[in-house]
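I would like the entire structure built from these sequences, with the hints used as guidance.
Okay, here's what each chain looks like letter by letter:
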Amino acid sequence: GAGVSQTPSNKVTEKGKYVELRCDPISGHTALYWYRQSLGQGPEFLIYFQGTGAADDSGLPNDRFFAVRPEGSVSTLKIQRTERGDSAVYLCASSTGGHSYEQYFGPGTRLTVT
Amino acid sequence: SQQGEEDPQALSIQEGENATMNCSYKTSINNLQWYRQNSGRGLVHLILIRSNEREKHSGRLRVTLDTSKKSSSLLITASRAADTASYFCATVLGYSSASKIIFGSGTRLSIRP
Numbered sequence: 001g002a003g004v005s006q007t008p009s010n011k012v013t014e015k016g017k018y019v020e021l022r023c024d025p026i027s028g029h030t031a032l033y034w035y036r037q038s039l040g041q042g043p044e045f046l047i048y049f050q051g052t053g054a055a056d057d058s059g060l061p062n063d064r065f066f067a068v069r070p071e072g073s074v075s076t077l078k079i080q081r082t083e084r085g086d087s088a089v090y091l092c093a094s095s096t097g098g099h100s101y102e103q104y105f106g107p108g109t110r111l112t113v114t
Numbered sequence: 001s002q003q004g005e006e007d008p009q010a011l012s013i014q015e016g017e018n019a020t021m022n023c024s025y026k027t028s029i030n031n032l033q034w035y036r037q038n039s040g041r042g043l044v045h046l047i048l049i050r051s052n053e054r055e056k057h058s059g060r061l062r063v064t065l066d067t068s069k070k071s072s073s074l075l076i077t078a079s080r081a082a083d084t085a086s087y088f089c090a091t092v093l094g095y096s097s098a099s100k101i102i103f104g105s106g107t108r109l110s111i112r113p
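Protein chains in written order, with this note's numbering: chain A, 1 to 114; chain B, 1 to 113.
Calculated from the structure, these hints are not laboratory results. Honestly, I wouldn't trust all of these hints.
Stated by the list, open to error - Subject to a maximum C-alpha distance of 30 Å in a straight line, what follows is the list of computed BS3-like cross-link-like pairs (lysine-lysine): (1) K100(B) with K78(A); (2) K70(B) with K100(B); (3) K100(B) with K56(B); (4) K26(B) with K100(B); (5) K11(A) with K100(B); (6) K78(A) with K11(A).
As structure tokens, then:
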């Protein structure tokens, strides 16, 4: 079956604009994660969904960041009023359960804010 | 501050040699996971080791966990050029819905032909 997919693969936007990043998890995976990765660093946890609800959103850096998963499958990460510091690769992962299960990562969306 | 820190930050070895990477953490964990990331790609899960386990094997990979020292090691035996990648440990703290997962900053492994 298909793995985790993310769209777009690259996004260039101007400072102050709004962006949406999409994640299609593996079918049937109840858990979905968003991470942000800067060059030379490990993934930084942003938010974790179990089904439709955000079980842990403690990693979202501020209220400009928001994520939804309305039907428990596809998720969208939304960033308002983008800043240059938001530039990073945004990774999505899904798993069959919570943190004690292996995560399957997508290829990421590279966001560049100019 | 990071929960899990890998060392070394970078490692270069000859093909065929063994590679050892270490991960240290600060607080008690539920489990610890190792992932590999090839340049420009997503992460791939390698091994999960639970807090009550001491060693796990998968092919050429061997992971140990020492909870008294709060450290884990990943050993890759008989390295190949395709093993060139960054390797990350992820520590899982707590249980059920209150658990947290934290990735370290990784070890960049280069295999020289």
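Okay, the hints, checked on the actual structure:
Distance restraint check for K100(B) and K78(A): the Cα-Cα separation of roughly 22 Å lies within the 30 Å cut-off, and the hinted pair is therefore satisfied. Taken as a hint, the K70(B) and K100(B) pair is honoured in the structure, with Cα atoms around 17 Å apart against an allowance of 30 Å. Between K100(B) and K56(B), the direct Cα distance comes to roughly 22 Å. Compliance with the 30 Å bound is thereby established for this hinted pair. A hinted pair counts as satisfied when its Cα atoms are at most 30 Å apart, and K26(B) with K100(B) qualifies at roughly 14 Å.
Taken as a hint, the K11(A) and K100(B) pair is honoured in the structure, with Cα atoms around 29 Å apart against an allowance of 30 Å. For a cut-off of 30 Å, the pair hint linking K78(A) to K11(A) stands: about 13 Å separates their Cα positions.
Of the numbered hints given earlier, the model fails none.
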